[in-house]
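Student: So the sequence lines, in the order shown, correspond to chains U and V.
According to the working numbering, the stretch in the first sequence is residues 1 to 457, in order.
According to the working numbering, the stretch in the second sequence is residues 1 to 457, in order.
Worth flagging that the hints you see were computed from the coordinates, not collected in a lab.
C-beta: ideal position from N, C-alpha, C; glycine also.
Treat the hints with care, since some could be wrong.
[As the list claims (entries may be wrong)] Covered stretches of chain V, going by a simulated chain U footprint (3 or more residues, C-beta under 8 Å):
| id | region |
| --- | --- |
| 1 | 86 to 96 |
| 2 | 210 to 216 |
| 3 | 245 to 251 |
| 4 | 390 to 403 |
[Unchecked claim] Computed footprint of chain V on chain U; a stretch qualifies when at least three of its residues, placed anywhere within it, have a C-beta under 8 Å from a C-beta of chain V:
| id | region |
| --- | --- |
| 5 | 128 to 134 |
| 6 | 157 to 166 |
| 7 | 279 to 291 |
| 8 | 315 to 324 |
| 9 | 419 to 429 |
2 protein chains.
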Amino acid sequence: MDKILDSIETFKERYLEDLKEFLKISSVSADSNYEKDTRKCAEFLRDHCEKIGLENSRIFETKGYPIVYADYCHAPNKPTVLLYGHYDVQPPDPINLWETPPFEPTERNGSLYARGVSDDKGQVYCHLKAIQTWLKEEGNLPVNIKLLIEGEEEIGSPNLAPFINQNKEHLKADTALISDTPMYSPTRPSICYSLRGMVYIELFVTGPSHDLHSGQHGGVVQNPIQALAEIIGKLKDQDQKVLIPGFYDDVNPISESRSLEIRKLEIDESDYKKSMGVNTLVGEPDFSINERKWLRPTLDCNGIQGGYIGEGAKTIIPSKASAKISMRLVANQDPKKIVTLFNDYIQSIKPAGISIEIKEYAGAYPAVVDTTSEAITAGLAALKKAFGYNPILQGEGGTIPVVVDLKKILGLETVLMGFNLPDDGIHSPNERFKIDHYYKGIKASAIFFKELSERWG
Amino acid sequence: MDKILDSIETFKERYLEDLKEFLKISSVSADSNYEKDTRKCAEFLRDHCEKIGLENSRIFETKGYPIVYADYCHAPNKPTVLLYGHYDVQPPDPINLWETPPFEPTERNGSLYARGVSDDKGQVYCHLKAIQTWLKEEGNLPVNIKLLIEGEEEIGSPNLAPFINQNKEHLKADTALISDTPMYSPTRPSICYSLRGMVYIELFVTGPSHDLHSGQHGGVVQNPIQALAEIIGKLKDQDQKVLIPGFYDDVNPISESRSLEIRKLEIDESDYKKSMGVNTLVGEPDFSINERKWLRPTLDCNGIQGGYIGEGAKTIIPSKASAKISMRLVANQDPKKIVTLFNDYIQSIKPAGISIEIKEYAGAYPAVVDTTSEAITAGLAALKKAFGYNPILQGEGGTIPVVVDLKKILGLETVLMGFNLPDDGIHSPNERFKIDHYYKGIKASAIFFKELSERWG
Numbered sequence: 001m002d003k004i005l006d007s008i009e010t011f012k013e014r015y016l017e018d019l020k021e022f023l024k025i026s027s028v029s030a031d032s033n034y035e036k037d038t039r040k041c042a043e044f045l046r047d048h049c050e051k052i053g054l055e056n057s058r059i060f061e062t063k064g065y066p067i068v069y070a071d072y073c074h075a076p077n078k079p080t081v082l083l084y085g086h087y088d089v090q091p092p093d094p095i096n097l098w099e100t101p102p103f104e105p106t107e108r109n110g111s112l113y114a115r116g117v118s119d120d121k122g123q124v125y126c127h128l129k130a131i132q133t134w135l136k137e138e139g140n141l142p143v144n145i146k147l148l149i150e151g152e153e154e155i156g157s158p159n160l161a162p163f164i165n166q167n168k169e170h171l172k173a174d175t176a177l178i179s180d181t182p183m184y185s186p187t188r189p190s191i192c193y194s195l196r197g198m199v200y201i202e203l204f205v206t207g208p209s210h211d212l213h214s215g216q217h218g219g220v221v222q223n224p225i226q227a228l229a230e231i232i233g234k235l236k237d238q239d240q241k242v243l244i245p246g247f248y249d250d251v252n253p254i255s256e257s258r259s260l261e262i263r264k265l266e267i268d269e270s271d272y273k274k275s276m277g278v279n280t281l282v283g284e285p286d287f288s289i290n291e292r293k294w295l296r297p298t299l300d301c302n303g304i305q306g307g308y309i310g311e312g313a314k315t316i317i318p319s320k321a322s323a324k325i326s327m328r329l330v331a332n333q334d335p336k337k338i339v340t341l342f343n344d345y346i347q348s349i350k351p352a353g354i355s356i357e358i359k360e361y362a363g364a365y366p367a368v369v370d371t372t373s374e375a376i377t378a379g380l381a382a383l384k385k386a387f388g389y390n391p392i393l394q395g396e397g398g399t400i401p402v403v404v405d406l407k408k409i410l411g412l413e414t415v416l417m418g419f420n421l422p423d424d425g426i427h428s429p430n431e432r433f434k435i436d437h438y439y440k441g442i443k444a445s446a447i448f449f450k451e452l453s454e455r456w457g
Numbered sequence: 001m002d003k004i005l006d007s008i009e010t011f012k013e014r015y016l017e018d019l020k021e022f023l024k025i026s027s028v029s030a031d032s033n034y035e036k037d038t039r040k041c042a043e044f045l046r047d048h049c050e051k052i053g054l055e056n057s058r059i060f061e062t063k064g065y066p067i068v069y070a071d072y073c074h075a076p077n078k079p080t081v082l083l084y085g086h087y088d089v090q091p092p093d094p095i096n097l098w099e100t101p102p103f104e105p106t107e108r109n110g111s112l113y114a115r116g117v118s119d120d121k122g123q124v125y126c127h128l129k130a131i132q133t134w135l136k137e138e139g140n141l142p143v144n145i146k147l148l149i150e151g152e153e154e155i156g157s158p159n160l161a162p163f164i165n166q167n168k169e170h171l172k173a174d175t176a177l178i179s180d181t182p183m184y185s186p187t188r189p190s191i192c193y194s195l196r197g198m199v200y201i202e203l204f205v206t207g208p209s210h211d212l213h214s215g216q217h218g219g220v221v222q223n224p225i226q227a228l229a230e231i232i233g234k235l236k237d238q239d240q241k242v243l244i245p246g247f248y249d250d251v252n253p254i255s256e257s258r259s260l261e262i263r264k265l266e267i268d269e270s271d272y273k274k275s276m277g278v279n280t281l282v283g284e285p286d287f288s289i290n291e292r293k294w295l296r297p298t299l300d301c302n303g304i305q306g307g308y309i310g311e312g313a314k315t316i317i318p319s320k321a322s323a324k325i326s327m328r329l330v331a332n333q334d335p336k337k338i339v340t341l342f343n344d345y346i347q348s349i350k351p352a353g354i355s356i357e358i359k360e361y362a363g364a365y366p367a368v369v370d371t372t373s374e375a376i377t378a379g380l381a382a383l384k385k386a387f388g389y390n391p392i393l394q395g396e397g398g399t400i401p402v403v404v405d406l407k408k409i410l411g412l413e414t415v416l417m418g419f420n421l422p423d424d425g426i427h428s429p430n431e432r433f434k435i436d437h438y439y440k441g442i443k444a445s446a447i448f449f450k451e452l453s454e455r456w457g
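Just chain U, same shape as in the assembly (with noise of 0.2 Å):
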C-alpha cells in the first residue's frame, strides 16, 4: 500500500494539472446555451478512462446528455464496485460574483476554485487518480470496478434509472461507492446514512394577456406578482414550517438515539453563521441545527422572476409572474404523493383573477443507507488512514438521486464518502475544493480498494 500513497504524493501536482483540464469544460446540464460543451465534456472523460487504463470506456446515449462507461474487472472472487458521479455541473449564475472566471480553474489559499470541483468533478477524479496510480504501480486493483459517470444529477437524473433499468446485466456489482457529499469538518471526515429526497416544481402565474398601465388599471386587475408573492407567503410559517396539508403525514420520526448522536456532534454556530453570511438560523424549534438539514423536509423558492426587472422605474401590472420552488424530502416521503399534495393546495389558496400552471421537473426519493455493512467499515477505514482523524456517521441536507435507484433496481447499497467540506460553496459562486482533500481524497480512494478487498466474504 505504502508504494501506492508514494506514487500519488509523487504525481499529485500532475494529477492536479489533469483535474484543471477536466474543469475547463463548462458542462452546465441546466441550461441549453452549454449543449456542446456538456457533450464534448462526456467525450473528454471517455478519453481520459480509456488514458488511465480502464477497458470498455464508452459513451451510452441516453435521451438527453449521454453516460460514460468503462470498467476494469480483473480481481476474481473479489467484489465489484459501481462507481457513480457525474460530469454536469451548476449553472454559473450570478456569473458577476465570482473572483475568478468559473471555468477558469485558479489556485487561491490552498484550495481550487472553479464551478463543479467539488460537486462533483474533483471527487470523481479523486478515484480515476487512485485507479489510474494501481494500474500504473501494480498493473491491476484489489478489486472489480465499474464506471457509471452521468450529465445530468444537476437536473434531477431524468434519464438515469431507465437506463440502470436497461443495463442491469452491465452494471452488476456488490457494492456502489459515491463521493459527493461533503465531510462533516476539516477534523470530521464521514459518511453519510441519509440523503434527502427532492421535488422541484416551477410555478407560472398569468393575470392580464398582457402588461398593462398600473396607472390607467390599477385597482381592478389582480397583479400576478402580488398573487404569486402570496401563494408563497402561504406555503411556510415563520418557523420554516411547511404549510401544505398532509406534507409531514410520511415523515419518519427521529429517533432518540439517533437524536442524541446528533447532538452530539461539535458545531460552531458562530463559524457556520459566518460561512452563510447570515446574522440569525432560523427553523423548526423543536429540532437541532443538524436535525432540521438532515432529517426534516424543507421548501425553498429558488429564483422568482416577473414584470419589468430592468433598470429605473416602469409602472405596469405585468401579465406574467414565475417561481421555482424545491422541497427537500425525507424517508418516507413520496415525491409523487408531495406534488399533488403541493398542487391541491396551491388550487385551494389561489387569489381570484389569475391562472396557473405548474410545471413538475424530475422529482428524487430520500435515501437511507445501511450503515452496518463490510462496505462501510472499509470506507470508515480509509478515511482515517489517509486524513489522519477519527470519521463519524452522518446525514446529509442535498439529494442524490441515483441511491435509491441503485438500491431499488439492482439492490445495491452505496457508500457516500466525500472528500470536499460543507463551506466549499457548491451551487455558489467561488465553488472551491481545498487542494489537500483532493491528494487525501486520492489516497482515500486507493486504501478504499484495498481494505474492500480484504474485508470481502
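Assemble the complex: chain U is given as a structure, and chain V must be docked to it using the hints.
Tutor: Quick look at chain V alone, frame taken from chain U:
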C-alpha cells in the same frame, strides 16, 4: 377655420410620415442603454420645431435628459398657452411580445403601432402639426404658444420642477395644455379633472451573503424570496385594500354628486375585461370600477426578481431578491408621507434573518383640475367639433407630475385633453394610436387655439 381643417386633411399623410420619423428614435429614459438615442431624440425634436416655424427652439440641459423648448408669441392681447409633453417613452420590454418591432412604426388595421405612439409622441405631434398648419396657412397663431417637452416623464420627471422654478419668467403663460391622457371611449372624447399621484419604490432583500445549496442548508436559513413574498403578501388584502397603516388617512371622500356622475358613464365590463385579457375584475367592493381607477389609491408590484431565473432547475437559497412597487395616490395624499408610512410598515413586518434596503424613486402629488375655466370650455368645444361627439369630463388613474408643478410654481390650470383610447396599450407591448384619432387630434388642437383665442378675457 375651414382653410386650416382643409389643409390638415390635405397634408395628413405627410404628417403621419413625420410622426413615424419621431417614433423611430428609441428614447427610453428608464434604461441607460438607450441614453444616446434619448439625447438624439431631443435634438431631433428641437430641429423639427424649428423646421415647422416655431421660434427660439432650443435644448435646455438638466442633470438628466434635456428639455426641449420653443415658442411663437405673436398674438398680442391673446392668451399664452404653455404646451407640455414628453419625448421619452416606456421601455419596450417584454420585447418578444411585439408583433412588429417597437421602434419600427407600422400601420395595421387603421392604427399606427410603435412604442410611444400614444404615450406621448403621437399626441405631442398632434399639436406640432396643428401649429405647423396655422403657420403655413395663416402665417400666425391665434394664441401665443410656449412648448415645454421633457425627456424624463416616464421616470418621474426628477429634473422638471427645478427647471420650471428656474425659468418662471420665461415660462409665464395663461393656461397649460397637455395631451397625455386617453379619451373615455371612441364616442366619448373627454377632458380630465384629476390625475393620481405616485410613489415608486424598490425593495431589496438580502439573506445569506452568497447563494447557498438549498439541500445542504435548507431548513436553517431565511430565504430572501420567501421573506419578500411574505412582505408583499401583507401589502394588500384580497379586496385590493392597502394594508399599510395610515395609508388612507388623507384620502378625499368621493362626493355623492361626483359618484353619481361617474356611475352614469356607460362602461361595458365584458369589453373592458376582454381588452385587458382577464376573466375577473377585482377591487374595493364599495367603489365602482371607474372610482377604483380614478379616485382611489392603489398599490402594485411592477417587477420582481430573485435567485435563479434561467432555464431548468437550480437548487439554491439565493442571496438576494428585490421588487419594484408603485402606489398611485389621490388627493390629498402626500407622497413623502406615504413613503414614510411604507418604510415603517415594512420594518414592522420584516421576517427574521434578512436585511432590507429601500430605494425611493421620484414621487408625484395627485392633481385636481378646475373644470370651470374658459380653457376647459374651449377644449370641450374643440373636441366636439373635431370628433363629432359630445365630450365628457372624467378622472384618470395615471400620473402626470407636471400638472401639480405647473399649478404650484406658475399658478397655471391645465387642460388635460388627450386623443388616444384606453385600450391603446400604453406601457404594454403593441402600443398603438388610431390613425384617425391622430388626424382628429391635430384638428382638435388647431380648433382649440382658435376657440381659446375667441373666448379669452
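Student: Are there three or more residues in the region 210 to 216 of chain V whose C-beta lies within less than 8 Å of some C-beta in chain U?
Tutor: Per the Cβ count (7), the hint holds.
Student: Count residues of the region 279 to 291 of chain U with a Cβ under 8 Å from any Cβ of chain V, then say if the count reaches three.
Tutor: holds (count 7)
Student: Please check whether the region 128 to 134 of chain U has three or more residues whose CB lies within less than 8 Å of a CB on chain V.
Tutor: With 0 residues closer than 8 Å to chain V, the region 128 to 134 of chain U misses the three-residue bar; violated.
Student: For the region 419 to 429 of chain U, do three or more residues have a beta carbon lying closer than 8 Å to a beta carbon of chain V?
Tutor: Three-residue rule met by the region 419 to 429 of chain U, so holds; n is 6.
Student: Okay, the region 245 to 251 of chain V and chain U, do three or more residues pass the C-beta test at under 8 Å?
Tutor: Coverage by chain U is violated for the region 245 to 251 of chain V (0 residues, Cβ < 8 Å).
Student: Three residues or more, CB to CB closer than 8 Å: is that satisfied between the region 315 to 324 of chain U and chain V?
Tutor: Per the Cβ count (8), the hint holds.
Student: Would you say the region 390 to 403 of chain V counts as covered by chain U, given the rule of at least 3 residues with C-beta under 8 Å?
Tutor: With 4 residues in contact (Cβ-Cβ under 8 Å with chain U), the coverage given for the region 390 to 403 of chain V holds.
Student: Please count how many residues of the region 157 to 166 of chain U have a CB within 8 Å of a CB from chain V and say whether that reaches 3.
Tutor: violated (count 0)
Student: Taking 8 Å as the Cβ threshold, is the statement that the region 86 to 96 of chain V is covered by chain U upheld or broken by the three-residue rule?
Tutor: holds (count 4)
In terms of the numbered hints stated before, the structure departs from hints 3, 5 and 6, listed from lowest to highest.
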